[in-house]
Amino acid sequence: MAKIKKKIKTITVDADKCNGCRGCEIVCSGFHSIPKYSTINPARSRIQVVFRPLEDIWLPIFAGEYSPAECMGREKYLIDEKNYDECEFCRASCPARDRFKEPDSGLPLRCDMCEDEPELEQPKCVEWCINDVLVYEVREEEVDEEESIDDVEIGLQSLVDKHGLKKIVETFTRMSQKD
Amino acid sequence: MRYAETGYNLEIDLATGNIERVETDPKLMELHLGGLGTSVKLHWDRVPPETKPFDAENLLVFSTGILNATPAFSANRSVVTFISPQSELLAYPMMGGFWSAELKYAGYDKVIFSNKSPKWVYIWINNDKVEIRDASHLVGKGALETQFLIREELNEPRAQVAAIGIAGENKVFTASIEQGRSSASRLGGGAVMGDKKIKAVAVRGTKNDIHLAHGAEFMEHMMDMTKYINFRRENPIPGVMTILSGIGSPQEMLHTDEKWHTENFSWGNARTRRRGFWDERISEEWPRVQLEGIKRLISCFNCPQQCGALISYKDTPRYMAKCFGKLTYAMASYVDKMEFAWTTLQRATEYGVDSFSTPQILAFGIELYEAGILTDKDFAGAPTDKEGRFVWLLDRVARREGIGDVLANGTYWAAKEIGNGAEEYAHNNIKKHEQLPLKLGMLDPLYYLMYSTNEKISITQIEGNWPQGAFPTLEQREEFVKDWPQLPNEYMKQWLLDWEPRGEKGIPHFPTPDMCCEIVDWMEMLHNIDDACCVCAGMSSFCLKPPYHIHNYPKIISAATGLDLDEDSLKKIVNRSRNLHRAYNNRLGMRRKDEKPPEDHWKRRFPELEEELLSTYYRYKGWNQDGIPTKERLHELDLDYVTEDLEKRGILKDGQD
Ligand code: SF4
Ligand code: SF4
Ligand code: SF4
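Same order as they appear, the protein sequences are chains A and B.
Quick note on my numbering: the first sequence kicks off at 298 and runs consecutively.
Quick note on my numbering: the second sequence kicks off at 27 and runs consecutively.
Incorrect hints may have been included.
[What the hints assert, rightly or not] Covered stretches of chain A (in silico footprint by chain B; criterion: 3 or more residues with CB under 8 Å from a CB of chain B, positions within the stretch not fixed):
| id | region |
| --- | --- |
| 1 | 303 to 312 |
| 2 | 430 to 437 |
| 3 | 449 to 462 |
[As the list claims (entries may be wrong)] Taking CB as the label site, the calculated pair distances span:
| id | chain 1 | residue 1 | chain 2 | residue 2 | range |
| --- | --- | --- | --- | --- | --- |
| 4 | B | 78 | A | 429 | 37 to 43 Å |
| 5 | B | 267 | A | 362 | 50 to 56 Å |
| 6 | B | 246 | A | 309 | 25 to 31 Å |
These are calculated hints, taken from the structure and not from any lab test.
Quick caveat, the model's predicted, so the values are computed rather than measured.
The beta-carbon is built from N, C-alpha and C at its ideal position, and this holds for glycine as well.
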């Protein structure tokens with residue numbers, strides 16, 4: 298397979314600095330609305346802050362891959378004497394829970410590092426977090442070329458998983474005829 | 027399409043259990059914006075002045091503001107309105123935190139509670155599903171504990187819960203409504219909530235998008251604000267005490283040097299100024315124990331500050347705190363231990379009481395006991411040591427047991443009931459409500475007006491943007507005015523330049539009454555904008571050179587709402603609501619005679635000047651000499667219906683100004 302240069306974008310989360318303001322959720326949801334910042338709803342954000350204040354837990358989590366099925370088991374973490382519940386660290390948009398799904402359609406959400414034209418200097422949540430919890434880095438790496446699937450395809454895949462291919466095709470045809 | 031607001035209120039009739047989602051009139055936003063503005067209108071329309079605080083007709087309204095749930099920094103207040111059992115006027119304590127954002131994302135601007143529930147309930151607002159649920163198992167539980175139990179029970183860790191503790195259940199007049207790290211504390215909202223038998227209101231919202239009329243432009247304003255916030259973080263204002271040098275609500279959890287507050291406030295029941303308090307031992311012990319107790323600093327919704335803290339002190343159950351609660355219990359009791367501060371504040375937070383009034387009320391009880399006005403009979407069973415006795419009395423008040431039942435009504439009402447000279451000891455009230463425990467030397471004309479005339483009747487009153495005292499040197503003044511875009515008019519800079527700490531150009535005669543009117547009116551107007559938007563006063567009206575001010579507010583609000591506001595039209599809107607609020611309180615009986623700071627607030631008083639100040643301010647505001655808005659002023663503000671009502675009731679007499 299051919300090698301290509303790829304930009305690896307990382308956001309390091311320094312969770313101990315998080316003060317739980319949820320500003321990252323607000324700005325992410327606004328940035329991804331169409332037109333930009335026309336609507337705000339943190340439930341549509343691709344970053345979600347897990348918080349259990351009395352346990353001193355504030356943990357920003359980024360939306361990762363869509364998963365059509367939930368995992369077979371669960372993990373629990375004990376870090377610094379804090380108990381993190383099952384699924385808490387997981388980034389997947391999965392059938393076991395509501396996190397990282399559009400609240401109306403249920404379509405999966407995934408952090409796209411705020412891809413935009415022209416490219417942003419830094420992702421919006423990083424920019425908005427005034428407490429330096431989120432630190433952004435870009436580096437270049439040589440990787441094997443592979444086909445990437447885009448958001449539309451992920452969305453469609455999840456609809457297919459939910460309703461079956463036939464239903465989706467029928468609906469699609471019906472909708473295109475209406476136009 | 028409704029912008030910034032959801033356009034719906036939730037009406038809950040506690041007597042019948044009827045729940046309705048009611049669309050609001052879009053015109054109301056043009057007339058009163060939202061938040062306190064539209065809530066005042068609601069009370070005016072629906073709660074007649076004959077209503078007593080614990081009547082079923084007394085509405086309890088939880089409101090969000092026009093900017094909550096938008097990306098506007100620090101727009102996270104929930105304003106709670108009701109006729110207060112303590113002042114018997116329309117009160118509006120506010121809480122920060124996360125509750126108001128959840129409510130708007132659930133699809134409502136306000137929750138309006140009418141009537142009383144026959145049994146203890148809590149309310150669960152989960153987007154369009156709203157339930158009144160049994161709360162019998164939560165009765166007797168702490169305010170924080172209740173929030174925790176409800177989240178567990180609903181299996182919804184992200185629900186925000188506003189709850190009362192046992193003080194609210196027992197209708198203690200200083201009962202607060204607690205929510206995470208925040209609380210709506212002043213004037214007994216917890217008591218009215220308890221009277222309606224609402225233990226808590228839980229909310230989670232995910233389904234309702236908040237629309238911005240001009241989102242991209244709105245974000246540009248916020249980016250400008252970010253720059254300014256960062257600038258201020260790096261450049262505190264020189265020449266003022268630390269607590270005033272930054273932005274945000276008082277950073278009491280962060281700052282540990284309390285020399286100024288402990289030595290300059292009057293402690294006990296607003297009684298003793300403790301010069302030399304911050305000595306070698308205390309200045310080592312208090313900061314150390316403060317930091318031992320603070321596990322993490324925490325913020326409210328979308329705020330770059332972190333005024334609150336998670337407190338984890340030894341084996342005291344964990345809780346959250348903010349502001350001066352850290353000092354008030356230890357200082358009021360003369361127990362000179364920071365450890366006592368942390369442990370008592372935890373107890374008081376679970377009981378759900380206001381940490382400004384309550385410590386004064388307890389100290390008042392102890393003063394009366396020491397003076398022989400209260401007796402051993404009243405204190406039967408009380409420990410004899412200072413610490414034990416103070417906590418014992420707190421327990422009695424929260425439970426309304428014995429003498430606690432009398433004290434639970436606050437110093438004004440308790441003194442009346444106790445008699446026998448007790449009234450002399452209730453010396454720190456305005457409009458029946460305990461004030462900041464501060465006793466000063468020279469009458470300050472600005473503060474005189476702020477204390478006397480505002481409807482908030484509590485601690486923050488309407489201060490903030492104008493410095494608390496004159497700078498000693500001209501260089502300092504020049505430095506301060508150089509960079510002061512928040513000021514409404516350039517010519518006011520000269521007033522600050524001329525203002526001296528003492529002498530002819532010092533208080534009480536300077537700023538002159540006319541200047542005082544303009545300064546106070548400006549600061550009040552800003553508070554009123556904050557309260558309609560539900561922006562934290564700490565980022566606006568309550569701090570020096572704040573991020574929000576009269577020149578950027580109209581642009582921010584316009585971009586969010588689609589209204590086309592300039593400074594004048596925005597001022598007119600909040601002025602309308604402010605006059606409606608005043609007229610409402612006039613209807614409840616408030617008059618000039620009530621507009622008085624405590625006798626001993628300043629040592630040096632100037633009765634004639636004070637009368638002149640008040641008269642000048644009334645004229646400036648367009649009020650008659652009894653403090654009632656005139657027909658003309660009401661007409662200018664499109665409030666002819668108010669004139670009609672006030673005339674009908676004989677409060678405004680035709681032709682009288
Ligand atoms: S913006 Fe930063 S501090 Fe605020 S919740 Fe997100 S990560 Fe935490
Ligand atoms: S990087 Fe962009 S898309 Fe990803 S969570 Fe942050 S704001 Fe959202
Ligand atoms: S300044 Fe403090 S009190 Fe105000 S919103 Fe921010 S964190 Fe809350």
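For this structure, which hints from the list above don't hold up?
Result: hints 1, 2, 3, 4 break, sorted rising.
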